[in-house]
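J.: Chain residues, written in single-letter form:
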Amino acid sequence: MTTDRPASISTLAVDWGPEGQPGDTLYQRIDGQLDYPTDLLNLPGLLHGAILRSDQAHARLLAVDTRVARTMPGVHSVVTAEDVPGLNRFGIVVRDQPVFCEDRVRYEGDAIAAVAADTPAQARAAIAAIRVEYQPLPVVEDAASAENQPALHEGSNLLAQESLTRGDVDQALAACAVVVEHEYRTPRQMHGFMETEGGVALPDGNGGVLFRVGCQSGHRDVEQLADILALPRAQVSVEAMTTGGAFGGKDELTIQPAAGILALRTGRPVMIHLDRFESCRSGMKRHPVAVRMTTGCDARGHLLAHRVDAVLDTGAYASLGPAVLENFMDHATAPLYRIDSYAVTGRLVYTNNGLCGAFRGFGGNQATFAVESQLDALACKLGMDPGELRRKNLRSRQEPGSRGQPVRWTAAPATVLDAALASPLWQPGNPAGARWLTGTGLAFGAQGNGLGDGLPDSGGGRLSLTPEGRIRVEFGFADYGQDIAGAITRSVCDALGCGSADVEVVLGQSRGPDSGPTSASRSSVMVHGLLSRMLPEWTQTLKRLAAELTGQPAEDLAPGTGGLFLQGRRLIDYRELAGKAPPDALVAEAGQDFPVAPGQETPVGRYLQLQIATIARVMVDRLTGRVRVTDLHHITAAGRVIYPPGYLGQIEGAAVMGLGMTLTEDMPTRKGRMQRDNLDQYLMPTIGDAPAQRVDVVDDTPENDPYPIRGIGELGIEAVTPAIVSAIEAATGVRVRTLPVSPSALLEAIQAREAQS
Amino acid sequence: MKDGDQPLETIRFELNGQAVTRSVPAAAALIDLLRDGGQVTSVRPGCRIGRCGACNVLVDGQVMPACLVMAWQLPGRRIETVEGLSDDPDYLRVRQALARESALQCGYCTPGFALSLVSALRARRQGGPADLTEALTGNLCRCTGYGGLKRAIERHLGPDPTDPSVA
Amino acid sequence: MQADPTQRDQIRVLRPATPREAVALAKTTGAPYIAGGSGLQPVWERNGSWPRQIVALNPGWPGFRGIEETGQGLRVGALTTLGELAQHPLIHRYLPCLPEFMDQVAGPGVRHLGTVGGNLCAGGDLSALFLALDAQVHRLSDDDPQEQCQPLEDYSAGDGTLMTALSIPDSRQWRIGLEKLGYRERFSPPRATVACVHDGQTMRRAVCGEGGPARLRSSETDQDTELTAGGWQDPALRLAIQRMLAFLQEDIARDH
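Chains as they are written, first to last, in full-length UniProt numbering: chain A, 1 to 757; chain B, 1 to 167; chain C, 1 to 256.
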């Protein structure tokens, strides 16, 4: 048996690498000089589109009368379902969502018609003039009973049902000395990107359309849009511009179908930009989950049995619901811990409660909240330290994953746990009777990279030298703030020895290489893999060409800032080389599959695994039940850090997003209607709610690991919720299992406990 | 604006140092006047009800959400956006601090944050509150978790040692 | 053709030359007053329905903006912005707890627009303190040539009268406690804001937020009943209010 060698742990700080300063695009963003898709307001001939949305959560659509709207001032085109040139459906997994509803609306926000006009006000006025006749249908609002209610689509409202089992869970539960059973509920969180859904569709003058939009997968969007617009794929292109946030909420098509149809109709560019009210009502959300977990162990704390029954509310259309269910279930098996017997079942149902789909964490963080809470409950019942209980059950680095699949960690889970237990946040609470009750809590989470479960997952990239002498790196990924361009630049500079000014990163062009979707924390892994494939040979070619031009031996030449160097002296710059090299001599392309475990016919789960332990320190107001998170300390084990500013920002940002889901964020529905419609009601954290954060990186990645770079865009949200509720329990003695934490419920529980003592 | 029955008014104000005269509906929101035709796109809509700070502008040096400022309130006032601050020492200090600490990701909200800080730095020099973190409580950022912003304030925007009013 | 509901661009902004004219215009047209507009615009934007006309108030009118000492206390112009209130040297002297509390009222940008009068007319965060201070409202109405004065507690916005200023008593020797419970730490609508004012003899308490602004008069034991009757339906919120009040009272008593 091999032993895990001691890992290196370091606290992450912003570090701009050898050049010591941030790149130009950061300054452009601050200066407001970088255009987002919804900033493209100076296009010649630009029209403004607006979408008419259902004001009913579920109804037959009897009539849509657009006659008045067509005569309104400034109106150029009004389109409905009849005007969709091709397929009136879209959806990444199941094409079940209409571009414009034909005979039925399934959620408040379903699109019915769209208008293009000279000004946004005129477009809105025309939308208001469209008369719609509805015949209300019973609203399916309760997810738990949805499958027994009238079906929203063909078949029943049960869209998917999955189960993962191992051993005999009933028998195992019977053998447990201690069993805990609890129900957990998580909210319908909104992505809350600051740039609401929007962008422009531009006719290309030859019957095709170019989209400049906020999106996450240009190539996949082209496939869907071509079918909707009845155009060959070659006539549809997408430029995924720098987008003001996405987090999964721009993974599906949003405004593109309506904008595209209006652009084709009018022959003019059409901008559609949802306002926040419309975005709240019609946009994607995180799946609310109701899950019951029964978990048991022996008297010494060894986990023996774990049963999970979950219902996920996907809303009116499937979107990525089936994939979210799969990831939820994967996380619900408690991947970090050895449990001989489990039975995890999950049901994904249609309701009239809006739309749910991809959202950072992707079902995993909901499951981890419940799993980690169960461990705390067992520890409490056993009278055992929660850290000790976890340590007893943690998998070692050599063991397979919870589904028996090979997994690849970058550090031993026990190492991460040890680091977490050594956090300075473990301090005694305030004395009893103090106004602010303080407490510290811990949770642990694992997360895999990639689409997983053997789903087709591959991508490509391209490397070339431009005539201006810049090293152009092209990927299909979208930039929505994760600064993937910064990470790519740093990787190329590190590998090649060039300067950042030598590198030009081009992203998100559907005419460029298809790298697969910008989701599932897969981009960094793909970028590293593809660069590793392209760079060595490309560099050889570069040196060979330089050698031919200069007469110096290729092996003595080294790429550096601005050009190739011989013994520390710049011999030839990249521009000169580009000018003299034969065309296409310096173009490299590569494609690869996303890494999966070797030797598996049908891969299960995810191979590349990441860990995070989050320690939270909270203050709870004994007077009101309000919770302040004062500190978050994260220990990550997610491979090598290539770009510290990006890594730190991803962990911190995801953690505060998780804090929001834990404490304030929810989009409740009543009779299918969203109960919040803007940022004065849907309350995301401000800087006043943001805790002090520290990120410690455990890097025990083997030198020769073929996948030393992992994607960490979702890692920070994995364990933050259970860490906060654990800290609340430490402070108050009250365990919260329904999110977001209700200060009212917490206060009443605090009062009840005070009355007892 | 094509409709004949709209009550248009001639409004004169200063935008980034330039005198501006516009004929607009009296209740038009400043954000629309600025963004119309793509003139000033750093002023961005995030909520249109003054709750996110993405459309912040400086009005006579004070930060305000442009979605809540109406045209009739503008005459004689001085409007500044980041486009007009390229030589402003406070802005340059803020800009450098935000960049160095990686205080942004997507950047959509960042000009609004920068203006809140510029406004607070100016106020602080006139004896206003020193707490720049409070100055950012009207701005929402969904990407960063505010870590970089806090570092930018702590490490680079503390009391200016060259400022005589800060003892 | 008149589009209905009215869009923002179709609003007529009436600009009266004097406060008197404003009152008369509001009376004849039924149009609402608008000052900073930070409270009303979000409501209109949300409803997608704008008034045909609004009566714009002018902060340049004498006495409408600014804070001055009156001998009996302070006079605060109704169009004084929340930001000016927070910064004003007189407020630091008379109500030293207020500037810090103002960090929890709206956000910095909105505080530069929103006014004291607007906040009080909407039952906003300032209501609890001003009620507990027994502030007096100065107002103009179309049927009285004189400026009238009445307790804030009795004042009802929306009857066409125009709030011109508030008088607050000289509170320099008083003990004052203020607490806000929002949904989050900053820039939140108030769930419940409470104020306790002790003038050396009596303790005065008031609350505002989800149940509306009210001066509380009952004894501690009857407080829950009084809050329920006043419209505070959520028992946990009533509990929070009472605990905040008890804490403030104790705090104030300890200071003495």
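If you are wondering where the hints come from, they were derived from the structure by calculation, not from laboratory data.
Hints may contain errors.
Covered stretches of chain B, as calculated for chain A (at least 3 residues, CB under 8 Å) [to be verified]: (1) 8 to 17; (2) 62 to 72; (3) 118 to 129; (4) 136 to 148.
One-sided and incomplete, this derived list gives chain B residues near chain A with beta-carbon spacing under 8 Å [as the list claims (entries may be wrong)]: (5) Thr21; (6) Ser23; (7) Gly38; (8) Gly46; (9) Glu83.
All C-beta atoms in this analysis are idealised placements derived from N, C-alpha and C, irrespective of residue type, glycine included.
J.: Confirm or reject each hint.
T.: Evaluation of the provided hints:
Counting residues of the segment 8 to 17 of chain B whose C-beta sits closer than 8 Å to any C-beta of chain A gives 0, which falls short of three, so the coverage hint is violated. With 0 residues having a Cβ less than 8 Å from any Cβ of chain A, the segment 62 to 72 of chain B misses the three-residue criterion, and the hint is violated. Interface restraint, the segment 118 to 129 of chain B with chain A: violated (0 residues with C-beta to C-beta distance below 8 Å; minimum three). Counting residues of the segment 136 to 148 of chain B whose C-beta lies closer than 8 Å to any C-beta of chain A gives 13; at least three are required, and the coverage claim holds.
With a cut of 8 Å, the hint placing Thr21(B) at the interface with chain A is violated, because the nearest CB-to-CB distance is about 20 Å. The criterion of a C-beta within 8 Å of any C-beta in chain A is not met by Ser23(B), whose closest approach is roughly 15 Å, and the hint is violated. Interface hint status for Gly38(B): upheld, as the beta-carbon distance to the closest one in chain A is roughly 3 Å, under 8 Å. Checking Gly46(B) against chain A: minimum C-beta separation of about 5 Å stays under 8 Å; hint holds.
A distance limit of 8 Å between C-beta atoms decides the matter here; for Glu83(B) the minimum to chain A is near 6 Å, and the interface restraint holds.
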